[in-house]
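2 protein chains.
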Amino acid sequence: MLLCDIGNTSYHFLEAERDYKKDTLSFDPVTIKEEVNYICVNPKIKTILKDLPNWIDLSTKLDMGKYYETMGVDRMVASEAIENGIIIDAGSAVTVDIVKDGLFQGGFIYPGLNAMSKTYKDISSALEYPFNFNIDLNRLPKNSTDAITYGYLKTLYAEVTSHNMNIILTGGDAKEFAKIFPDAEVDENLIFKGMKKILMHS
Amino acid sequence: MLLCDIGNTSYHFLEAERDYKKDTLSFDPVTIKEEVNYICVNPKIKTILKDLPNWIDLSTKLDMGKYYETMGVDRMVASEAIENGIIIDAGSAVTVDIVKDGLFQGGFIYPGLNAMSKTYKDISSALEYPFNFNIDLNRLPKNSTDAITYGYLKTLYAEVTSHNMNIILTGGDAKEFAKIFPDAEVDENLIFKGMKKILMHS
Chain A
1 MLLCDIGNTS YHFLEAERDY KKDTLSFDPV TIKEEVNYIC VNPKIKTILK
51 DLPNWIDLST KLDMGKYYET MGVDRMVASE AIENGIIIDA GSAVTVDIVK
101 DGLFQGGFIY PGLNAMSKTY KDISSALEYP FNFNIDLNRL PKNSTDAITY
151 GYLKTLYAEV TSHNMNIILT GGDAKEFAKI FPDAEVDENL IFKGMKKILM
201 HS
Chain B
1001 MLLCDIGNTS YHFLEAERDY KKDTLSFDPV TIKEEVNYIC VNPKIKTILK
1051 DLPNWIDLST KLDMGKYYET MGVDRMVASE AIENGIIIDA GSAVTVDIVK
1101 DGLFQGGFIY PGLNAMSKTY KDISSALEYP FNFNIDLNRL PKNSTDAITY
1151 GYLKTLYAEV TSHNMNIILT GGDAKEFAKI FPDAEVDENL IFKGMKKILM
1201 HS
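Which chain is which? The protein sequence lines are A and B, in order.
Quick note: the first sequence uses the working numbering, first residue 1, plus one each step.
Quick note: the second sequence uses the working numbering, first residue 1001, plus one each step.
It cannot be assumed that every hint is accurate.
[Said to hold, decoys possible] Pairs of lysine to any residue, SDA-like flavour, derived with a Cα cap of 25 angstroms: (1) A:K66 to B:N1132; (2) A:K197 to A:D57; (3) B:K1179 to A:D57; (4) B:K1121 to A:G112.
Because the hints were derived from the structure by calculation, they are not lab data.
Kindly generate the complete structure, drawing on both the sequences and the hints.
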């Protein structure tokens, strides 16, 4: 069985236990002949896949009533994967979603690493520093690198930890964020877990 | 006595009790003949003012040892204005600085309203919503407008309020931010207070 999570920049495949990525700009989905269960947040690719009968849109098997209309399907599927916890999906955006007793409670969206770096730089060249993921968030900053790092990460940390729940980190920047959330569980295949669960129950 | 706080977009003057702004692109400082005590974070204008003997740079009268080298002089002067509290200066960047017993403890930098709006929009057109300053931050969002608003403002709120200190709001967006920090004191002339204090003690 082939699973695929399609975002804005890549197709993320899982084949048995092996996962790999293909660039959305260069990969042609017609080249795959076997059955693929997929979810997709990329509108262009969604249109292409509609005409390929071996590509099966798993979002049609989701109970959408548990979520809200404009919510990304990747956030819904990640939420399906857990019973209790707070999910941080650190990609081009950082989405944070809370699940209690298997029910989605709500969530929010924060800028991803690259987007936020650019934001500071665009405000002023005086704020063009790389983030310091080894920062001590218990100390108020007294230098520019830490002042923007703390601004980006301590604010997120303060809100996330205020919920006192298990934290599950996923997405392309999960390992970087794990330095800030040392108690979090990193699970880069969380969305595939959600997809398998939906398949099992459909 | 004329005081002036010069930022990237405007000269902010205080003459007796009246304050007014002039655009940095069109205003010519040579037109002012009386003595002006100023601070300036705009490098270009700084160079021009150096040659005008009636423009007096107040930053030379600051005890810089209390702060850090690359810190904006406007943050230093705002910090001089208070004995205890947490200052939120909401402009093109949002700077947050903590003062205890008249001593700067450290601070951080967060993106301003316009910058952060652009950030979400640039990540995806699906995140192009105006912020909702009437949001209830005690409820987890279940719609896109609130999901980005909460991401921008609840994170900041959680960090700022964790310090359990008086909050003083200043800067061009102070009134918008006051909706999120209802217990904060709004003082749009905080920097002028700091400047007067420096003048009195120098």
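Going through the hints against the structure:
no., hint, result
1, A:K66 to B:N1132, "holds, 23 angstroms"
2, A:K197 to A:D57, "holds, 15 angstroms"
3, B:K1179 to A:D57, "violated, 43 angstroms"
4, B:K1121 to A:G112, "holds, 12 angstroms"
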